[in-house]
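Work the whole structure out from these sequences, hints included.
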Amino acid sequence: MSALLSIQKLTKRFGPITAVDGLEFEVGRGEVLGFLGPNGAGKSTTMKMISGFLAPSAGTAVVAGHDVRMAPQAVKAAIGYLPEGAPAYPDMTPLSFLSFVARIRGLADGEVKDAVERVIEQTRLTQVVMQPIETLSKGYKRRVGLAQALVHDPEVLILDEPTDGLDPNQKHEVRNLIMSMAAEKCIVVSTHILEEVDAVCSRAMIIARGRVLADGTPEELKARSGAASLDDFFREVTGHA
Amino acid sequence: MRNIGLIFRREFGAYFATPLAYIFIVIFLVMAGTLTFFVGGFLARDQADLQPFFGFHPWLYLFLVPALSMRLWAEDRRLGTIELFLTLPITMFEAVVGKFLAAWAFTGVALALTCPFWISVNYLGNPDNGVILASYIGSYLMAGAYLAIGSLISAMTKNQVIAFVVAAAVCFLFTVAGSPILLNYFENWAPGGLVEAIANFGFLTHFDAIQRGVIDLRDVIFFGSAIVIALIANAFVIDWKKAE
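In order, the protein sequences belong to chains W and E. Number 241 marks the last residue of the first sequence (my numbering); no jumps. Number 1244 marks the last residue of the second sequence (my numbering); no jumps.
Some clues are possibly wrong.
As the list claims (entries may be wrong) - Some chain W residues judged to face chain E by a derived CB distance under 7 Å, without partners named: (1) F25; (2) Q73; (3) K76; (4) P83; (5) D91; (6) R103.
Just so you know, the hints here were simulated from the structure itself, not pulled from any lab data. Cβ atoms here follow ideal geometry from the backbone N, Cα and C, with glycine treated the same way.
Printed below as a string of structure tokens:
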């Protein structure tokens, strides 16, 4: 089976700084890839390039058979993307915001209502659908961002810190949601929380300074280092042992 | 086209989601009325036309239009929603045009609400309604040109105040380009061709021509191409600045 997401020598330079340095990996259907790394490692920049927001300096990402440099529209249509910080229009309600995203993502008028209701249910937003997003708590805002990424039922999900700012119960719910979708999708999740990788990811990748330092199942990574936890392994490979 | 319509509806709605829309419309109408009656001497000149009303439009637009355009891109960049917006399956053309048309339609609403002036002048006398219609069209085109410039400048910054001030300054330059205020400065040293070229960029020059009741194709093309050029530059600026 060919990979749904294929990263090929992906590179991003900002002036003299190389934020992402020739990354290469593939993610297939049914995989949940945990993207780990210290702040500034290039996680978000990589995700911005996959989602078509930033143009790569070199290399490319191929999503569901479409090259992001050649066919950015097709790539954007195939991806559900939660940007860092879960931005959303503060003046809109979750209901109007999700309807807007569903329509612009090409759902027919008849399908919009069902799709929006489905994601509101999935992300447990029912209580706040009529409140302006600017009045919502951080946890709800994050879930609105997640709902927006799911509304067109994409094959590939790119989630930048989906559980950041959530309380432990909400974290648990979002992890369950991710795991429930894992079988039929290809999911990339970035996180600082290493227990999250243990909980939801079938594969973990540690990057720093734009390069892959380690790649394997969470168990493999732990076994390889002899470290008792992913925490120890993380500190070891990112240079803080 | 569907995407432009969807973006248009969202952006147009955003104006009315905050008090901005109502404040803008009220201030626009109050100032237009005050200037027309007290400064323009609408009643004292005893003529059935709207020249004192339209004559102040460039000066009103000068600071009111930047107040509308300042949020177009600067707000999206500050909130980070630009990342969400530009990773939707839309083209840059649809994004820029959809936002611009929403703002332009909004100025159209404000302009349409000035119709009591037109009703009054028809009640008081027999004005040349052809001239008034031409002036309305000219005013709307000019507002579009100011907006496109404001949108371009809004894309350059995350700060709405900077977007406002810079847009007002640039709009001022374009307004007076054809008038002695600016030309006197260039006349002393610049070659005649350059002075003439600068004079041709003056919004006042082109608007005055339309205001006389003659919709010259050249004036329409001038404002139309000002809009198109500013919006093309707008798209490039977004592409260039979005990573910051």
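The hints, checked one at a time:
no.	hint	verdict
1	F25	violated, 21 Å
2	Q73	holds, 5 Å
3	K76	holds, 4 Å
4	P83	holds, 4 Å
5	D91	holds, 4 Å
6	R103	holds, 5 Å
Checked against the numbered hints listed earlier, the structure breaks hint 1 alone; every other hint is satisfied.
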